[in-house]
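Here the sequence shown is numbered in the numbering used here, starting from 9 and rising by one per residue.
A few of these clues could be false.
[Said to hold, decoys possible] Okay, the calculated beta carbon distance ranges per label pair: (1) E159 / E137: 50 to 56 Å; (2) E415 / L481: 36 to 42 Å; (3) E419 / R299: 38 to 44 Å; (4) Q471 / E406: 46 to 52 Å; (5) D339 / S363: 39 to 45 Å; (6) Q134 / K228: 21 to 27 Å.
[Claimed, not checked] Capping the alpha-carbon separation at 25 Å, the derived lysine-lysine pairs in DSS-like fashion look like this: (7) K362 / K430; (8) K422 / K362; (9) K335 / K422; (10) K370 / K359.
Since the hints were made in silico from the structure, they are not lab data.
C-beta atoms are modelled at their ideal positions from N, C-alpha and C, and glycine is treated no differently.
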Amino acid sequence: MSGTEPDIQVTIKGRGEQAILSLPDNLDPEFVTGSTLCCYAEAQSVEMTEAIRTRLQEIAEQYRENPPTEPIVIAEAVPPVHGSDGCIEWVEGYDPTPEPESTENASESDEENATVDHYQGQKFVQVDENVHVATMIEPTDGEDGRNVLGESIPARAGKPCSVAVDQSLLVDAQGKITTQAEGVLKLQNNVLSVTKLLEVNGDVNFKTGHIDFEGSVNIKDGVRDRFEVKARGCVQVGGLVEAAKIICTGDFICRRGVASRDRGRIAVGGNAEIGFLNNVRGNIHGDLNSRREIINCELVIGGDLHCSRGSVIGGLLIVGGGIEVGKLGSDGHTPTVVRLGEVPVLSTKVKRLKSEIAASQKQLEIKRDRERVLHQAGSCLNPKEKEESTEIKYEIDEIESRIEEMELELEEVKERIQQSRKVNVQISQMLYSKVVFRLGQREIHVTKDVKGPIQIGWSEDRQLVYRIVDGPLRSITEIGRVTIVGTEGEDSDEDDKKGRPSSAQPPAKPKAA
9 MSGTEPDIQV
19 TIKGRGEQAI
29 LSLPDNLDPE
39 FVTGSTLCCY
49 AEAQSVEMTE
59 AIRTRLQEIA
69 EQYRENPPTE
79 PIVIAEAVPP
89 VHGSDGCIEW
99 VEGYDPTPEP
109 ESTENASESD
119 EENATVDHYQ
129 GQKFVQVDEN
139 VHVATMIEPT
149 DGEDGRNVLG
159 ESIPARAGKP
169 CSVAVDQSLL
179 VDAQGKITTQ
189 AEGVLKLQNN
199 VLSVTKLLEV
209 NGDVNFKTGH
219 IDFEGSVNIK
229 DGVRDRFEVK
239 ARGCVQVGGL
249 VEAAKIICTG
259 DFICRRGVAS
269 RDRGRIAVGG
279 NAEIGFLNNV
289 RGNIHGDLNS
299 RREIINCELV
309 IGGDLHCSRG
319 SVIGGLLIVG
329 GGIEVGKLGS
339 DGHTPTVVRL
349 GEVPVLSTKV
359 KRLKSEIAAS
369 QKQLEIKRDR
379 ERVLHQAGSC
389 LNPKEKEEST
399 EIKYEIDEIE
409 SRIEEMELEL
419 EEVKERIQQS
429 RKVNVQISQM
439 LYSKVVFRLG
449 QREIHVTKDV
459 KGPIQIGWSE
469 DRQLVYRIVD
479 GPLRSITEIG
489 RVTIVGTEGE
499 DSDEDDKKGR
509 PSSAQPPAKP
519 KAA
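With the hints as constraints, model all of the structure from the sequences given.
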């Protein structure tokens with residue numbers, strides 16, 4: 009090489025990511041040996057592992073036959089393996105996070121013709137107590153890397169899972185997440201819980217879809233047309249309920265009101281507090297409180313109706329308890345029907361028992377007919393028919409016993425109805441003509457407007473009477489025409505048939521307007 013230093017270079021790329029060997033093609037092959045190349049690499053502080061030494065030896069041997077024209081990577085850093093973040097691994101079927109498909113722009117034609125139900129919307133994951141729903145996966149530390157200089161490249165440790173678990177779930181030492189109560193899994197603000205309260209921060213619409221919840225539901229705004237809210241608890245709505253369906257086993261609160269346009273329905277297992285009702289169909293097991301008007305509704309109310317500052321106009325109301333309204337009917341004399349002295353819940357039970365008794369009696373007749381056929385055969389019965397005869401006698405005894413129990417229960421329910429019936433109507437402002445009161449098979453058609461305060465109830469001899477302000481009791485016939493309706497087959501006022509007095513008291517003096 010004429011005393012000149014060979015032009016061999018080992019360069020380090022970046023922070024030790026690579027060691028690169030550059031060899032000119034005019035070197036004396038005898039000079040290019042594995043040990044020589046190792047000396048150049050060591051001079052640049054490359055960590056000399058056995059693999060590197062072998063690699064440089066191979067490069068030297070190849071140089072004799074085919075000198076390289078490009079720089080050669082002789083060593084590469086081993087990158088770190090960063091730790092994985094902690095997470096929750098859901099048991100199949102219990103992930104509460106899936107997003108519903110967007111249906112915000114669904115048209116009416118889509119709703120009617122598409123196979124996808126755009127109203128179905130969000131699903132809620134309901135759980136029982138002591139159910140394994142997920143596993144908390146812990147973060148890992150990772151493994152450090154190493155550059156070509158032998159220096160450590162630190163690995164980044166995984167972050168803990170961002171989801172916290174509240175006291176309604178238990179996390180054991182293995183990370184197994186188990187429910188401690190029944191309800192619905194809820195993941196909100198990175199907190200996993202089992203809740204009995206579902207909060208909807210807006211309307212029930214295409215974004216939420218129908219709601220069917222094992223607990224109470226609190227809706228910040230309203231419920232849009234054709235959507236359903238079902239709750240095994242209470243329902244509270246901050247805005248307007250449109251032509252929707254509300255079904256709950258507890259109380260229903262809608263401070264603004266319900267405007268169903270004959271298309272919606274409510275079924276309330278407890279009490280209801282509703283700002284106004286317009287063209288609503290449904291039933292309320294307990295009391296109904298309304299601040300404003302009740303217009304053209306068909307409602308069954310098991311308890312009391314309170315609408316002391318509002319009006320009841322049109323429709324049909326079946327009320328099991330007392331009635332307190334501002335105005336009943338309208339100055340346009342809209343036909344308005346109010347059925348009094350009813351016990352809706354028990355009346356429904358009477359109908360059910362009658363239906364079950366009739367079905368059992370029909371079944372009994374079939375069994376008796378077969379028993380007669382077998383009896384007539386006498387000693388000619390084969391073993392199978394003898395066995396059938398014995399079984400039929402047993403079944404007849406069972407059916408007769410069941411019918412007897414249901415008949416006793418029916419009589420008890422009817423007695424409870426008589427004890428629960430009451431008539432107590434208080435009208436603070438005005439009773440209009442065209443209002444019809446129905447009690448059993450009697451209808452009282454109000455024939456003239458009567459200014460309140462007025463109260464309607466039973467007299468001591470069970471005559472329907474009314475009282476205006478502090479005046480005396482007067483027969484209802486002075487303001488209304490009494491007719492008899494219905495048939496013998498229809499449920500009617502048993503007190504009327506038997507002439508028995510009721511536990512109802514004469515109307516107290518009505519409150520001042």
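| query | Of the hints stated earlier, which fail here? | reply | 9
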